[in-house]
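Student: Each chain is listed here by its residues.
2 protein chains.
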Amino acid sequence: MQETAAAAFVARRNKLAEHLGGQPALLAAGRPRARNYAANRYPFRAESHFLYLVGQPLAGAALLVDGGRSVLFLERPADDDALWHGEVESPEAIRAATGVDEVRWLDALAGAIAGKAIATLPPQEDQTAAFLGEVLGRAVAPRSGARLEGADARLADAMVALRLHHDPAALAEMRDAAAITERAHRAGARALRPGVKEAAVKAAIEAEMTAVEGTPAYGSIVTTHGEVLHAEHAHRTVQEGDLLLVDAGTENRAGWASDVTRVYPASRRFSATQRAIYDLVLAANRKGIEMVRPGVRYRDIHLAAARVMLEGLVHLGVFRGAVDGLIERGAGAVFFPHGVGHLLGLDVHDMEDLGDRAGYAPGRARSKRFGDAYLRLDRDLAPGMCVTIEPGFYQVPAILGGEVAAPFANDLDNGRLEAFRDVRGIRLEDDVLCTDGAPEVLTRAIPIAADDVVHFMS
Amino acid sequence: MQETAAAAFVARRNKLAEHLGGQPALLAAGRPRARNYAANRYPFRAESHFLYLVGQPLAGAALLVDGGRSVLFLERPADDDALWHGEVESPEAIRAATGVDEVRWLDALAGAIAGKAIATLPPQEDQTAAFLGEVLGRAVAPRSGARLEGADARLADAMVALRLHHDPAALAEMRDAAAITERAHRAGARALRPGVKEAAVKAAIEAEMTAVEGTPAYGSIVTTHGEVLHAEHAHRTVQEGDLLLVDAGTENRAGWASDVTRVYPASRRFSATQRAIYDLVLAANRKGIEMVRPGVRYRDIHLAAARVMLEGLVHLGVFRGAVDGLIERGAGAVFFPHGVGHLLGLDVHDMEDLGDRAGYAPGRARSKRFGDAYLRLDRDLAPGMCVTIEPGFYQVPAILGGEVAAPFANDLDNGRLEAFRDVRGIRLEDDVLCTDGAPEVLTRAIPIAADDVVHFMS
Chain W
1 MQETAAAAFV
11 ARRNKLAEHL
21 GGQPALLAAG
31 RPRARNYAAN
41 RYPFRAESHF
51 LYLVGQPLAG
61 AALLVDGGRS
71 VLFLERPADD
81 DALWHGEVES
91 PEAIRAATGV
101 DEVRWLDALA
111 GAIAGKAIAT
121 LPPQEDQTAA
131 FLGEVLGRAV
141 APRSGARLEG
151 ADARLADAMV
161 ALRLHHDPAA
171 LAEMRDAAAI
181 TERAHRAGAR
191 ALRPGVKEAA
201 VKAAIEAEMT
211 AVEGTPAYGS
221 IVTTHGEVLH
231 AEHAHRTVQE
241 GDLLLVDAGT
251 ENRAGWASDV
261 TRVYPASRRF
271 SATQRAIYDL
281 VLAANRKGIE
291 MVRPGVRYRD
301 IHLAAARVML
311 EGLVHLGVFR
321 GAVDGLIERG
331 AGAVFFPHGV
341 GHLLGLDVHD
351 MEDLGDRAGY
361 APGRARSKRF
371 GDAYLRLDRD
381 LAPGMCVTIE
391 PGFYQVPAIL
401 GGEVAAPFAN
411 DLDNGRLEAF
421 RDVRGIRLED
431 DVLCTDGAPE
441 VLTRAIPIAA
451 DDVVHFMS
Chain F
1 MQETAAAAFV
11 ARRNKLAEHL
21 GGQPALLAAG
31 RPRARNYAAN
41 RYPFRAESHF
51 LYLVGQPLAG
61 AALLVDGGRS
71 VLFLERPADD
81 DALWHGEVES
91 PEAIRAATGV
101 DEVRWLDALA
111 GAIAGKAIAT
121 LPPQEDQTAA
131 FLGEVLGRAV
141 APRSGARLEG
151 ADARLADAMV
161 ALRLHHDPAA
171 LAEMRDAAAI
181 TERAHRAGAR
191 ALRPGVKEAA
201 VKAAIEAEMT
211 AVEGTPAYGS
221 IVTTHGEVLH
231 AEHAHRTVQE
241 GDLLLVDAGT
251 ENRAGWASDV
261 TRVYPASRRF
271 SATQRAIYDL
281 VLAANRKGIE
291 MVRPGVRYRD
301 IHLAAARVML
311 EGLVHLGVFR
321 GAVDGLIERG
331 AGAVFFPHGV
341 GHLLGLDVHD
351 MEDLGDRAGY
361 APGRARSKRF
371 GDAYLRLDRD
381 LAPGMCVTIE
391 PGFYQVPAIL
401 GGEVAAPFAN
411 DLDNGRLEAF
421 RDVRGIRLED
431 DVLCTDGAPE
441 VLTRAIPIAA
451 DDVVHFMS
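Chains W and F, in that order, are what the protein sequence lines are. So that you can map any letter, position 197 of the first sequence is 197 in this note's numbering, and since no number is skipped, the others follow by simple counting. So that you can map any letter, position 125 of the second sequence is 125 in this note's numbering, and since no number is skipped, the others follow by simple counting.
None of these hints come from the bench; they were simulated from the model. Small disclaimer: the values here were computed from a predicted structure and weren't measured. There may be inaccurate statements among the hints.
Copies of the same chain look alike in the list, so a pair counts if it fits in one copy or across any two.
Claimed, not checked - Only pairs whose alpha carbons sit at most 25 angstroms apart, straight line, appear in this in silico SDA-like list of lysine to any residue:
| id | residue 1 | residue 2 |
| --- | --- | --- |
| 1 | K15 | I118 |
| 2 | K116 | G317 |
| 3 | K197 | T215 |
| 4 | K197 | R364 |
| 5 | K368 | D413 |
| 6 | K197 | A187 |
| 7 | K197 | R183 |
| 8 | K368 | P194 |
| 9 | K197 | E182 |
Make the full structure from the sequences, and use the hints.
Tutor: Here it is as structure tokens:
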């Protein structure tokens, strides 16, 4: 993998400084989180805004962008670091790799910013928030979604403006993440057969990520119960005839994400009913991808995918009646109860740490309606934006037996639905780049047509 | 894997209540930690004390042990949990699996304990500490090693008294973790050859853990630079003649740890110099294991292992002079700068969240001397205690060129040492159970003699 050159980080910081117009900003990398005791830590992952501007997961560090000048403040190495962690990279090497103007020790930070009003963003973890609060002399709220005001809000808007449109260095990283994800899905597809544990397939998938110093970009979903949207467990044994839903994407070594869902038939063939629903979800996926073009409102993609699904379900006889009326009454969410996708970048839901500031254009807000309320993105697309397209069909007992489906008792043909009982949940998800012309599917190397999927498994 | 029966948890809680003599105690499971934004979390791992007494990683839950009665307080499921996470286990099912007297929702906790003085232990994460502080009406310090007083200190002592000596259910889990670790090392050994990345071997190892819903018990160390004690990166390509140090252990599905280090020759044979040092470290490992018997002071095992190493280095001509004098002057730490091991259980450094309360017997404290200061355990051994035995030899530039080695300038034969330059670092680590009779090596299925190791790789 080609490392991102320092020039890319310099350009990003310069753009940020332009947006900020003289307002200085401090961005923390964050700290490792203790797992079961202080020395046993989760693998460290730096805050995404820091990674975007610096490129290196330097635990405890903070970046000061002040006018055209960038200073990186690093934790001073402990005396025994060379024993436990080997030779530490020199400040000069870090300066060269990141292109910052200066590297200093963290204990110089308070003095360097004394008396200045500095903008910052909420980190994910309390100790870092406390540290920022102390050096900035004001309360800094930890954790995603904190309400931002004044200079902090303007900093957040500036970061959104930058990160919404991926630069060539970012796209190179995302293509790398997608390429690793292709190998991961291939390994999983080949490990799948009746009698294996879901966890064994997950292991084959994640090994491809680990082998190139990547990591899952999110908790991999590897489940025969695809109707559980965020199934965290992989404890079941795969049975003959099962569909295995695999929602697994790599975060590559540099921290950039991919996010891909495929559905693999354990017995290497789809039943006629599985195939019918699969092709329907695929049609919705293709419809959504085709619409990823400049100026298209993302919510319209969501609605179009939902319409494709509903038309198909009427065609299959699961729903009765006129599609327009069904849509108006919210029937889309009965079998497709989530949004069609989200932004993708350094975060798998890119910039979700800023709440809906990145996902929703100014003046737009989330729908209150079940299903649509889970739509994480409602912006007009523009070149350089990368989104997922991930329609799905799920038979969720809590929905079908609950108040969401109740108004459709006369529209649903439960006898017909019963014929599709071997379809628990199908989702088909790609990562799609909006360009000046046709959409570019970053994950196109991972087969998606039903016959291609079966071939991929052999 | 056989699940631990509810009776084991009942027995542990009853023992705890006996130790506490009427003092009620509240133990929190902890909460998931955000990774790059709130919804993207690290895999949840419950606090070990909670796991020990409840057996299930119930995020957000808290266990109240009050006299002979145990009540488990659970987070109330959200309305849409059934959609995102599938059907939630019923309180009654959780009551049956854990054997608690009652399961209630968490919002009833404050009322249930109002007016009582309740003991607790510091959790690893700030939100849980804040939650405990609120329900207990007093400050609860987050994070490992917080200073404990009064009832909290007595609770910590009671937990140490219980967890120091493993019951049959605990030992069954630890044997399970060791068995998975054997498969993991085997997979790694077979994946190793010149030209592969360290990360590819690490991937093969961790896949065996993931395949049975386990996870690394700590950051796996898979490195050709064994002299870096906690090498976190695995970015190098393995070269002909390299030794690969693999310090990797499984945490099984129930949360119990194993911790094993082996050293594999990439070219499937040791050079004469590698073999000489390997056999020396092996002799120290065997000496240490042999001493794991009731009544033996653990520090004496550390010193005995260091003596074996030093005698060998004198024999090999690396050190000159009398062993006793060298030991007295601290020469042991020049090539063996860490402790010979630690407690093992639910934590890989068992109960290190309580600081040295578990590792050091009352009245004993850490040495200030370099090397010995890293000894994590100094208790008299007793049946049921499980420890690691992990002597090592390392050529650490920062030590050999620094103030630790300086006093030995006339004792070290640098010309002779130069002959061993193809030995960067070797550590050999087993998990050993103290019994009434001979020590039981839980990790004996993982070959350790040099010839057996080579055979294991094929």
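Student: For the identical chains here, do K368 and P194 meet the 25 angstroms Cα criterion within one copy, between copies, both, or neither?
Tutor: neither (41 angstroms within a copy, 58 angstroms between copies)
Student: I want to check one pair: K197 and R364. Are their C-alpha atoms no more than 25 angstroms apart within a copy, between two copies, both, or neither?
Tutor: neither (44 angstroms within a copy, 48 angstroms between copies)
Student: As a check of your reading, is K197 near T215 (CA-CA no more than 25 angstroms) within one copy, between copies, both or neither?
Tutor: both (21 angstroms within a copy, 16 angstroms between copies)
Student: Evaluate K197 and E182 at a C-alpha cut-off of 25 angstroms and name the case that applies: within, between, both or neither.
Tutor: Answer is both: 21 angstroms inside a copy and 19 angstroms across each meet the 25 angstroms cutoff.
Student: As a check of your reading, is K197 near A187 (CA-CA no more than 25 angstroms) within one copy, between copies, both or neither?
Tutor: both (15 angstroms within a copy, 18 angstroms between copies)
Student: Checking K116 and G317: alpha-carbon separation at most 25 angstroms within a copy, between copies, both or neither?
Tutor: Neither, since 66 angstroms and 62 angstroms both go past 25 angstroms.
Student: When no copy is specified for K368 and D413, does a C-alpha distance of 25 angstroms or less occur within a copy, between copies, both, or neither?
Tutor: neither (27 angstroms within a copy, 77 angstroms between copies)
Student: State whether the alpha carbon distance between K15 and I118 is at most 25 angstroms within one copy, between copies, both, or neither.
Tutor: within (18 angstroms within a copy, 54 angstroms between copies)
Student: If the cut is 25 angstroms between Cα atoms, do K197 and R183 qualify within a copy, between copies, both or neither?
Tutor: Both. Shortest intra-copy (20 angstroms) and inter-copy (16 angstroms) distances satisfy the 25 angstroms Cα cut-off.
When each numbered hint is compared with the structure, violations occur for hints 2, 4, 5 and 8.
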